[in-house]
Amino acid sequence: MIEVDDIHKSFGESHVLKGISSHFEKGKTNLIIGQSGSGKTVFLKCLLGLFTPDEGTISYDGKIYSELSASEQRNLRQEMGMVFQGSALFDSMTVEGNVMFPLGMFTKQSKSEMQDRVDFVLKRVNLVDANNKYPSEISGGMQKRVAIARAIVMNPKYLFCDEPNSGLDPKTAILIDNLIHEITQEYNITTVINTHDMNSVMEIGEKIIFLKNGLKEWEGSNKEIFKTDNEAVTDFVYSSELFKKVRQMYIEERN
Amino acid sequence: MNYIASIGSYFIMIKEVFKKPTKWSIMKTLILKEIDELVYGSMGIIIFISFFIGGVVSIQTALNITNPLIPRNLIGFATRQSVILEFAPTFTSIIMAGKVGSYITSSIGTMRVTEQIDALEIMGVNSLNYLVFPKIIAMLFYPFVIAIAMYVGIFGGWTAGVFGGFSSSADFVEGLQLDFIPFHVTYSFIKSIVFALIIATIPSFHGYYMKGGALEVGKASTTAFVWTSVVIIIINYILTQLLLG
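Protein sequence lines, in the order shown, are assigned to chains A and B.
So the first sequence is residues 1 to 255, counted in this note's numbering.
So the second sequence is residues 256 to 500, counted in this note's numbering.
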């Protein structure tokens, strides 16, 4: 479980996070949503340890990050997996090389053990016959799968995803969402996803945090988000015509 | 003020490069790859430039000897001194700042833009050690490049002098051996090691700490080349004063 207690973060005069508290449970897909500029990415980077909050604490299964030594922080980071918006695969390595990279870097496994593990995770993300291809030779959806495979190859306790389905067609986006959801439950990982994709919210949002202007505006599940009367949330969620119609139908059905 | 902050950040970066080393089995591969890219991959252009620079020095010297009392072996002497003292270590380093430096900045800068460096950091890898340390070690082989540049430069001078009809081979070789001070070669190698560290680290700094997108990668490469050249010129002056002054 990840617990966040009153974190603040500023860049010069700009106060980006103004005191956010929440917790992210194990085995659940936790979503952070909000408009561009609401502080989602800064919040996620604080969770990842890439930014140090000016105030407040973040603890991972009881271990407060800011109180750990540099080496303990590095060890903790090895328990984290991250799927970047642009996949962030290493261009100079093949698919197999990318997935094998953390194993080669941090374990003492033999080449054949690493190969077995790589084959297993690539199969788990439904990626076959791509081991020797370079990232530039595969599609965006496949790159996301490789990124997920790389993120889970070390059996992480925490999985972070920054807009994992941006730039993907709706069908592939749903496949990626479901894959992350399945992996979260299968390996009992604490997953935090930064997104503004409402399909993801509806599909896999077991816990949702809505950020607005650096503050937590609303918190709940994908079932509750339909019922909320919070104006900021409804404005955000039902900004598209499709969702407006869905909401209208829901209200009519309820009445 | 920005310049002072940048200089401070540069030295902090250097300190970080030597912290928490990457696993040796991986580092070994990275170093060999960088030697291939940065050192071996630059041999062609270095040989080409050195040959013609040596030739031009030889011709220029010959054309400026109008007094018949000046011995023709001066052509070999001047070529040797110019090539060993300046053209091989300094001129070649400016070329390398363009070729290798821009490669280093753009490759690290692209990794920054595409979040590959963030990916390394999140995995718990010391990204500065992983990216910059192999380049520094690879560039320690740079004096070998300079040695070849010296040899080829002098050979270029001999070719231009002899086949251009400016000097006999015997006069040229006699000039090469005249008043030879071995420390000049040592001085040249000391300079080349210092320049190698500059070429490896300043472009890395500009690539690693760049912000923005693809356009900024290009701008960072240009800035890195300018600053690497400026620092090489200044350090060249200081080292010359210290070692030969």
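Note that these hints are calculated values from the structure, not bench results.
All values reported here derive from a predicted model rather than from experimental measurement.
Idealized CB from N, CA, C, for every residue including glycine.
Be a bit skeptical, because a hint or two may be false.
[What the hints assert, rightly or not] The following label-pair restraints were derived from C-beta to C-beta distances:
# : chain 1 : residue 1 : chain 2 : residue 2 : range
1 : A       : Asp169    : B       : Ile259    : 36 to 42 Å
2 : A       : Asp91     : B       : Asn319    : 19 to 25 Å
3 : B       : Gly468    : A       : Gly27     : 35 to 41 Å
[Claimed, not checked] When the alpha-carbon atoms are kept at most 25 Å apart in a straight line, the in silico DSS-like pairs for lysine-lysine are as follows:
# : chain 1 : residue 1 : chain 2 : residue 2
4 : B       : Lys275    : B       : Lys354
5 : A       : Lys245    : A       : Lys26
6 : B       : Lys283    : A       : Lys157
7 : A       : Lys108    : B       : Lys283
Status of the hints after comparison with the structure:
Checked against the given bound of 36 to 42 Å, the beta carbons of aspartate 169 of chain A and isoleucine 259 of chain B, roughly 50 Å apart, lie outside it. The beta-carbon spacing between aspartate 91 of chain A and asparagine 319 of chain B, approximately 52 Å, falls outside the hinted interval of 19 to 25 Å. The hinted range of 35 to 41 Å is satisfied by glycine 468 of chain B and glycine 27 of chain A, whose Cβ atoms lie roughly 38 Å apart. Taking the CA atoms of lysine 275 of chain B and lysine 354 of chain B, the gap is about 30 Å. The hint is violated against a cut of 25 Å.
A threshold of 25 Å between alpha carbons decides the hint, and for lysine 245 of chain A with lysine 26 of chain A the separation of about 34 Å lies outside it, so the pair is violated. Annotation: proposed proximity of lysine 283 of chain B to lysine 157 of chain A is violated, straight-line Cα distance about 31 Å (limit 25 Å). In summary, the hint linking lysine 108 of chain A to lysine 283 of chain B is supported, as the alpha carbons are separated by about 16 Å, within the 25 Å threshold.
Comparing the model with each numbered hint stated earlier shows that hints 1, 2, 4, 5, 6 do not hold.
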